[in-house]
Amino acid sequence: MKGFLIDNSKCIGCRACMVACKQWNNLTASKPVFFSGPGYQNPRDLDANNFTLITYNELETGGRMNWVFGNRRCMHCNDPGCASACPVKALEKTPEGAVYWNAWKCIGCRYCMFACPYHIPTFEWRSANPEIRKCTMCYDRMKVGMVPSCAKVCPTGAILFGERADLVAEAESRLRNNPSAYVHQIYGKDEVGGTCVLILSEAPFDQLGYPTDLPKRSLPSYTAQAMEAIPGVVVGLGLVLGITYKLINRRGEVAAAGEKGGRA
Amino acid sequence: MNQLKAIVIALVREFIQFLRTSSVFLRIMMLIFVAGFATILYRYLFGIGAISNLNDAYPWGLWISFDVLCGVALAAGGFTTAGAVHIFGGKKYEPLARPAILTAFLGYLLVIGALWVDLGRPWKIWHPMVLWQPHSVMFEVGWCVMLYTIVLAIEFSPAFFEKFGLEKARNAVRSFYVPGVIAGMILSTLHQSSLGSLFLIVPHKLSPIWWTPILPLMFFVSAVAVGLAMVIFESTIAAKAFKRESEIHLLKDFGRAIPWVLMVYLVMKIGDLVARQQVMLLFEMNGMAVAFWIELLVGILLPIAILTQRDAREDGRILFGAASCVILGVVLNRFNVSMIGMRSQAWQTPYFPHLLEFLVTACVIAAGIIIYAYVVKHFPIWHEAAHSGHSAE
Ligand code: SF4
Ligand code: SF4
Ligand code: SF4
Chain A
1 MKGFLIDNSK CIGCRACMVA CKQWNNLTAS KPVFFSGPGY QNPRDLDANN
51 FTLITYNELE TGGRMNWVFG NRRCMHCNDP GCASACPVKA LEKTPEGAVY
101 WNAWKCIGCR YCMFACPYHI PTFEWRSANP EIRKCTMCYD RMKVGMVPSC
151 AKVCPTGAIL FGERADLVAE AESRLRNNPS AYVHQIYGKD EVGGTCVLIL
201 SEAPFDQLGY PTDLPKRSLP SYTAQAMEAI PGVVVGLGLV LGITYKLINR
251 RGEVAAAGEK GGRA
Chain B
1 MNQLKAIVIA LVREFIQFLR TSSVFLRIMM LIFVAGFATI LYRYLFGIGA
51 ISNLNDAYPW GLWISFDVLC GVALAAGGFT TAGAVHIFGG KKYEPLARPA
101 ILTAFLGYLL VIGALWVDLG RPWKIWHPMV LWQPHSVMFE VGWCVMLYTI
151 VLAIEFSPAF FEKFGLEKAR NAVRSFYVPG VIAGMILSTL HQSSLGSLFL
201 IVPHKLSPIW WTPILPLMFF VSAVAVGLAM VIFESTIAAK AFKRESEIHL
251 LKDFGRAIPW VLMVYLVMKI GDLVARQQVM LLFEMNGMAV AFWIELLVGI
301 LLPIAILTQR DAREDGRILF GAASCVILGV VLNRFNVSMI GMRSQAWQTP
351 YFPHLLEFLV TACVIAAGII IYAYVVKHFP IWHEAAHSGH SAE
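In order, the protein sequences belong to chains A and B. According to this note's numbering, the stretch in the first sequence is residues 1 to 264, in order. According to this note's numbering, the stretch in the second sequence is residues 1 to 393, in order.
These are computed hints drawn from the structure, not numbers from a lab. Treat each hint with caution, since some may be false.
Unchecked claim - With the Cβ distance kept under 7 angstroms, some of the chain A side facing chain B (calculated, not the full set):
1) Pro43
2) Phe114
3) Val153
4) Glu172
5) Leu214
6) Leu241
Said to hold, decoys possible - In silico DSS-like links for lysine-lysine, alpha-carbon gap of 30 angstroms or less:
7) A:Lys189 to B:Lys205
8) B:Lys124 to A:Lys105
9) B:Lys252 to B:Lys92
10) B:Lys205 to A:Lys105
Just so we're clear, the structure is a prediction, and the values are computed from it rather than from any experiment. The beta carbon of each residue, even a glycine, is placed where N, CA and C say it ideally should be.
Between the sequences and the hints, there should be enough to build the whole structure, so can you do that?
Shown next as structure tokens:
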């Protein structure tokens, strides 16, 4: 499985990745909006035309105030909540690691958006034929052996693309060799069962807006329990109701012998 | 074929006639329906965002919380009553069965109608039937809606066949009516609980006041309670609105059953909070805690207190009040689970339903009321009509 290692401590906030992503995926520009919060960040959140977002956070690191940049995008979960939620398999985890959305299957129920722990899939709210939009890991580029645009364009190497296993090893070695530069955690190694995007940071992850209260278990495993009970419920309930009907009705027939047959 | 054509023409004529001669109240409902329908057409041109405040942080809003979750819960009177009458030998409650089945049938049709507004690409609504994803709760929900609507159509069909004097068809249905009712009960059990399962996948987003692995079970039990309450609620209103005799002698038994179900629900709710060690959350001063307390006090404890009193049960108005509390409690619960209890991130846009979202929901309700009023007037639904061998045309 492929993935990214995003080292936020290397990010200089140039947003080249955001631009490259727009160019490759033909996303229209969004009008800058004002909102309270971190000064230079725009837009405020991911949307149908922004698959990746550099967040601007003013935080104290190494004893002084600093800009710390975060990177939000689809995490390409190993066992994605969005894909298990989708009733029509419009979202699928590809063998390459990318979680990919198939336009023609999607019915637009938006359960994927609801189920995603990272608030990633977005929707075209103003369209008569709306699509679910999110980072594709540049699946189309991957298919022809090209590196995803954002990784290709990043001037500082903050976005590294490669085999997930190699990236985990690389992240571990960075933490080992330079422990004072990082929070000692590889975000995405274990969250919701692990994700193909791994993130290193110099500031605590919750301060950068990454959800940190996520279970280590994969999210689909929570619903699996309920889904597995279904066949049992069907058979069990069928038997119980059928037998009850037979018993009660036989008694009823004896008691009401002679009475004219009621409506069914 | 000709007969079918004749029936359709007769129905359309009768319905138009019904609309023409309807009361002021129904005319207001028609107005709401037309306004809502226009809004819906506008949405088909300009997107869901054009008529709603739904956003990427809150992909689900009023329509899912009310039209779908509450709609299905409030339709639970259908399977509870059908089960009580046809399976558990409660033959004497038969007069309540047809109205309850009608309400459930209409409820499900309206849920499907609402989905045509809420789904981004409703013309693909049939996709779950062919593109299988058995891991998805939404997939299960889709199948349950479809199959149970078919079962409800079968359960409702005798009234239809009787109206048009189609004896053969009527008898054919009789032969598989009981298996149909059983299938309906199984499907309802699955469907009611699966709506709870939908939220299992967001343990991090839904407040631990409500998120629990037994959410599907709780949805089911509360649906049984609210199903019984709906039968009381609906018959009482129908009696008032259509000036017919109230079925209080039967309804009071439903009132007696409710506290038992509510007590199971209560034990589950409290026991679950204790087991998950989240009781302290209820004593924090915030909107979620308040919402939970209302649900608990008004929706569960109050009706238990009232309905365990014999005198109270036999007083139609008190019975109606208690049933309304149960309904309110379950409606609030569905809102709590799907909207109020949802925790979002600081950077996200908050959500409160747009005025037009309310209008669309009102439109769905208005459609329900109009069709209900028409059907009870022109089909053998109430026992007096059903037994007098009423058959028009
Ligand atoms: S981050 Fe969200 S959208 Fe991306 S794969 Fe995981 S669940 Fe799906
Ligand atoms: S909105 Fe589309 S992709 Fe998302 S869960 Fe629904 S059908 Fe699947
Ligand atoms: S992988 Fe491709 S789609 Fe995803 S953020 Fe990078 S450029 Fe955009």
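- Query: For this structure, which hints from the list above don't hold up?
  - Reply: 1, 3, 4
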